[in-house]
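Engineer: Sequence:
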Amino acid sequence: MNRIAVLCLAVSSFMAAQQQMSLLDCEEAFQKNNLQLLAEQYNINMADADILQAKIWELPQLSGQFNAYNPQGKKFFDVGHSKGAGITQLIYMGGKKKNEIAFAKSNKELAQLQFSQLLVDLRTQLRTTYFNLYYERLKLDNTEKQLGYMNDLLSAYRIQSAKGNVSLKDAVRLQSLVIQLNHDKLEINKNILEFEQNLKVLTGITEDIEPLMSEAEAKEALAAQPFGEEEELKSKALENNADYRYNLKLIDNSKLYAQWQKSLNVPDLNVGAAWDQAGGTFNNEANLTLGIPLPLWRINQGNVEKANYAIQQNQKNADFQKLTLETKVQSAYKTWKAQYDQLLDIKTTDLQNMDLVYNGMMTNFRKGNVNLIEFTDFMDSYRETALQIYDMKNEIMQSAEQLNQLVQTKIFY
Numbered sequence: 067m068n069r070i071a072v073l074c075l076a077v078s079s080f081m082a083a084q085q086q087m088s089l090l091d092c093e094e095a096f097q098k099n100n101l102q103l104l105a106e107q108y109n110i111n112m113a114d115a116d117i118l119q120a121k122i123w124e125l126p127q128l129s130g131q132f133n134a135y136n137p138q139g140k141k142f143f144d145v146g147h148s149k150g151a152g153i154t155q156l157i158y159m160g161g162k163k164k165n166e167i168a169f170a171k172s173n174k175e176l177a178q179l180q181f182s183q184l185l186v187d188l189r190t191q192l193r194t195t196y197f198n199l200y201y202e203r204l205k206l207d208n209t210e211k212q213l214g215y216m217n218d219l220l221s222a223y224r225i226q227s228a229k230g231n232v233s234l235k236d237a238v239r240l241q242s243l244v245i246q247l248n249h250d251k252l253e254i255n256k257n258i259l260e261f262e263q264n265l266k267v268l269t270g271i272t273e274d275i276e277p278l279m280s281e282a283e284a285k286e287a288l289a290a291q292p293f294g295e296e297e298e299l300k301s302k303a304l305e306n307n308a309d310y311r312y313n314l315k316l317i318d319n320s321k322l323y324a325q326w327q328k329s330l331n332v333p334d335l336n337v338g339a340a341w342d343q344a345g346g347t348f349n350n351e352a353n354l355t356l357g358i359p360l361p362l363w364r365i366n367q368g369n370v371e372k373a374n375y376a377i378q379q380n381q382k383n384a385d386f387q388k389l390t391l392e393t394k395v396q397s398a399y400k401t402w403k404a405q406y407d408q409l410l411d412i413k414t415t416d417l418q419n420m421d422l423v424y425n426g427m428m429t430n431f432r433k434g435n436v437n438l439i440e441f442t443d444f445m446d447s448y449r450e451t452a453l454q455i456y457d458m459k460n461e462i463m464q465s466a467e468q469l470n471q472l473v474q475t476k477i478f479y
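Under the numbering used here, think of the first position of the sequence shown as 67, with each following residue one higher.
Keep in mind the hints are simulated off the structure, nothing from the lab.
Please note that a few of the clues may not be correct.
Unchecked claim - Cross-link-like lysine-lysine pairs, in silico, BS3-like; alpha carbons within 30 angstroms at most:
no.	residue 1	residue 2
1	LYS315	LYS382
2	LYS174	LYS328
3	LYS433	LYS251
4	LYS315	LYS394
5	LYS302	LYS382
6	LYS476	LYS285
7	LYS388	LYS302
8	LYS266	LYS251
As the list claims (entries may be wrong) - Label pairs and their computed distance ranges (CB to CB):
no.	residue 1	residue 2	range
9	ILE153	GLU94	53 to 63 angstroms
10	GLY160	LYS372	17 to 27 angstroms
11	ASN435	LYS285	53 to 63 angstroms
12	ILE122	LEU288	55 to 65 angstroms
13	ASP443	LEU288	23 to 33 angstroms
14	GLY130	VAL337	11 to 21 angstroms
Where is the CB? At the ideal position from N, CA and C, for every residue including glycine.
Please put together the full structure from these sequences, using the hints given.
Structural biologist: Here it is, written out as structure tokens:
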């Protein structure tokens, strides 16, 4: 009785540690809990702080003067008869502050594009991992079904072999197939563990996630077609891809930086007011003070040239990113098309016939209408074909997600 209670407790604990979730549920948890995404958000906040900092002017400077030694009265620190005060403020010339603020705002736009690209990349990881896990679990169910029957059959053959009713060679043949099925199960379970771990990191959920997707939903996802042909997809990618838009924005950003560096060559003006008790032409004299550096040379010329080179560099990088993006879209579309057409060649009736033949082979083998060699050859072929079909379906979903990642707008309807 105690053993039964312990077994029930273990099963209930295992079930409690698993959580059935749809793809939409996983995406909602991802946006709420993903630590990498939450950390990237702070880059935007820091960019806001940089804009705030760029708007702040230098503090005004207050100065004072007083007598250290009066030679006529031979008195030190004769403050009562000689003192003065002044205040100055640095006035930025040449649009320095305006250019600095514009550059800081451009940096925020870059941070937002980086966040958008990370969001797309991580969401793609989430969706591809979800589909990987879904199809690996289907493969596991199929393998365990075959393995259950083959283990029972092997046990029966071992008993009959010990009695001399069947040859040891037949038992070894069955054992070979069981070993292969166990190897498949081990590899599938290893993949499942890896995908479950990835989903935990992406969603922030500590329990194992079991994909909740009906067969009808899976068929609908497989049947989805991209909106538009290859050239239209390229155009959409150039319009929406955050990584490419980042490189375009980087050109504008470097132009703003160059403009800011040019404005730093313009001398700034120091404006102030001063009061002097007795040291000037008049007693209690109030004066206006002006100060400006002499522009004998351009003090920031090196940085200006460097900024101009950065514009040219970013232009070349953007051209490279454009070519790369178009090439990736073309390759991803062709890959998806080839995989989709390959699966389309396998008719629904062919899949139904395969299951029908599988069930018929099992029945006829039990009745003795099929010999062991024919049966094991078919079972080995069925094992490989079943796994390949699941992989083909999964590869279509992976290719579709790669297209989505590149184009970054809804293209499958």
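Engineer: Of the numbered hints stated previously, which ones are contradicted by the structure, given in increasing order?
Structural biologist: Result: hint 11 breaks, nothing else.
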